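With the sequences and hints as input, model every part of the structure.
These protein sequence lines map, in sequence, to chains A and B. Reading the first sequence from the start, the letters are residues 1 to 277 in the working numbering. Reading the second sequence from the start, the letters are residues 1 to 295 in the working numbering.
What the hints contain is simulated information worked out from the structure, not anything from laboratory work. Here the structure is a predicted model, which means the values were calculated and not measured. Where a beta carbon is used, it is the ideal one built from N, C-alpha and C, also for glycine. A hint or two may mislead.
Unchecked claim - Label-pair restraints from in silico Cβ distances:
1. B:L145 x A:S81: 45 to 51 Å
2. B:P163 x A:F134: 41 to 47 Å
3. B:Q96 x A:Q263: 17 to 23 Å
4. B:N159 x A:F134: 45 to 51 Å
5. A:T17 x B:L17: 57 to 63 Å
6. A:L14 x B:P21: 54 to 60 Å
7. A:L21 x B:F32: 48 to 54 Å
8. A:T40 x B:N159: 32 to 38 Å
9. A:Q263 x B:D66: 43 to 49 Å
10. B:P101 x A:T40: 27 to 33 Å
11. A:T40 x B:F32: 50 to 56 Å
12. B:W204 x A:A198: 41 to 47 Å
13. B:W204 x A:R7: 18 to 24 Å
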Amino acid sequence: MTPLARRRAWNLGLRLTAAVLITLIFMFPIYWLFMISFKTAAEIYSFPPKWYPGSFNLDSYLVLFKDGDATTVGNSLVVASFSTALAMFLGFICAYSLARFSTGGNHLANWIVSQRMIPPIAVVFPIFLLYVWFGLVDTYIGVILLYTAFNLPYVIWMMRGYILDVPPALEESALVDGCTRWQVIWRVVLPMCRAGLAATAIFTFVFAWNDFIFALVLTRTEVATYTVQITHYFGGQSNFWGKISAMSVLGTLPIFVVTAFMQRYFVRGISLGAVKG
Amino acid sequence: MKSMQQGTFAQRNFKYLLVGPAIFVLLLIGVFPLVYLLMVSFQGITMTETSTDFVGAANYKQLFEDPRLWQALLHTVIITAIALPLELVLGLAMAQLFLNPLPGRAIFIALMVLPVVVSPIVSGATWSLLFNHRFGPINQIIGWLAGKEMVLLWAINPNLVYPAIIAAEIWQWTPFMFLLLLAALGNVDRSQLEAAAIDGASWWRTFSRIVLPAIAPVMTVAILIRGLDLFRLFDIIWAITQGGPGTMTETISVFTYVKGFQQFETSYTAAVALLVVVLLSALVMLLLRRVELAR
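As structure tokens, then:
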């Protein structure tokens, strides 16, 4: 080996070692969470802590399903799905208008995205007072409506960016061919930004699915989501670690699966469209 | 085909009909509650007082006489001031490490996405598992290093709660910085870097004169997005300390929650919430300008 080649090999080896170490450190908490959920109660509360379960034990999960606590994951699914569908529909047509007709100019677009920045606690407090008034606390409609409103600015902002990427010439030729604007939106624009639409929908879903503070305030028992359910197992010295970890895995695994399909759009999605990746 | 001007009402106002429903929902759930909040903040509603008579600016006066509120703001600022620079520097260092070809690079990056998408309440719960003084691995590892059994009470000891919270925060959001900065570094003009290398510029000189200015807009966006998120930090604290010990780790969001939903000081909480909105609006203005710059 020439000295240069040796130096390169060393360099690569060092970088690879560092990369593996860093990745291991960042994956360790997730490993620990998943691992705890497969331990028996005796293993969870053994000292010193064991770094792997003795067997692949599903007791923590079985308890969740037997007690009906697992239905909170279903609640999360319902509110996240419906609010995503609603926010995507309303947001997409609104974004089209903003992108193609510059409706309301920059002011409207800026106002919409600034809605996204309001701290949840400041919004949820008056909404709670109003929901008590209208009997919407702990109802699907109430939670879905709030998530829809919370995610709308994000959907509008992101979809506006994706629609601006579609060349207007395509739409014009469709209009000349006799399509109405409404048909153009669904037959030309929608298929053209399918990928952006899917990525935005997944993010919207994840925001609603992962939310804690809105659900904590606005749900009680009927519509409690999995994030709220997890905190029910907290209790000073006697935390139910088995239940906490199993419920966390039930809530986290689906998110890992869906986000695996959108690597390409991830950076654009988390940076509010500022970085196109 | 009818032209837009001669069409029916629906055709003429098509662009407004498209934005209408979304604006309606935003006004209903975003703006109307804030107006309502403003009204409540001038009333005197508490757990025992249900009268909705107006009491003037009493609640706003109370804002300035409430040390717990300003401490909560201070805690929020402290956590932000420590976590944000650490996330930025670590994320940038990691982005540098992963920038050039590396075996398994795609897999490493795909794994780094995972902490970002975990629900913050789950990440808080996970870290309280890790930090558990008896059944958690962190004390165990520290014990190995120290050569004796260590019982550090991470969620209770006043000296340790902040490191614990900040560790959880950094774990979850350094990958966010990493992913954004990696994308930004990948977009730096290669030819400039090569020219600098030919001229024999040192690594630091190349980095500070070419790379840093090129990624500055993305860095600004990343800092502002994370800054906003840190300002409303709630979930991780709720899972690890619930604001304790005492009120030592109460952030402004936790404080507002406790006042409104545990102590039921309705009208005072309204004033606090409005203060939060006003403080944040200033930050938002800044962010908007930057996001547009980067587009």
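Here's how the hints hold up against the structure:
1. Between B:L145 and A:S81, the C-beta spacing of about 47 Å keeps the proposed range 45 to 51 Å intact.
2. Between B:P163 and A:F134, the C-beta spacing of about 44 Å keeps the proposed range 41 to 47 Å intact.
3. Checking the proposed 17 to 23 Å range against B:Q96 and A:Q263 shows it holds: the Cβ atoms sit about 21 Å from each other.
4. Take B:N159 and A:F134: their Cβ atoms lie about 47 Å apart, and the range 45 to 51 Å holds.
5. Our hint of 57 to 63 Å for A:T17 and B:L17 holds, since their Cβ atoms are close to 59 Å apart.
6. The supplied range of 54 to 60 Å is met by A:L14 and B:P21, whose beta-carbon atoms lie about 56 Å from each other.
7. Taking 48 to 54 Å as the suggested C-beta distance range, the pair A:L21 and B:F32 conforms, at roughly 51 Å.
8. Checked against the hint of 32 to 38 Å, the pair A:T40 and B:N159 passes, with Cβ atoms roughly 35 Å apart.
9. As the Cβ distance of A:Q263 to B:D66 is approximately 47 Å, the hint placing it in 43 to 49 Å holds.
10. The hinted range of 27 to 33 Å is not satisfied by B:P101 and A:T40, whose Cβ atoms lie roughly 45 Å apart.
11. For the pair A:T40 and B:F32, the supplied restraint of 50 to 56 Å holds, since their beta-carbon distance comes to about 52 Å.
12. Roughly 42 Å separates the CB atoms of B:W204 and A:A198, a value that falls within the hinted 41 to 47 Å.
13. A hinted range of 18 to 24 Å holds for the C-beta pair B:W204 and A:R7, which are about 20 Å apart.
Checked against the numbered hints above, the structure breaks only hint 10 and satisfies the rest.
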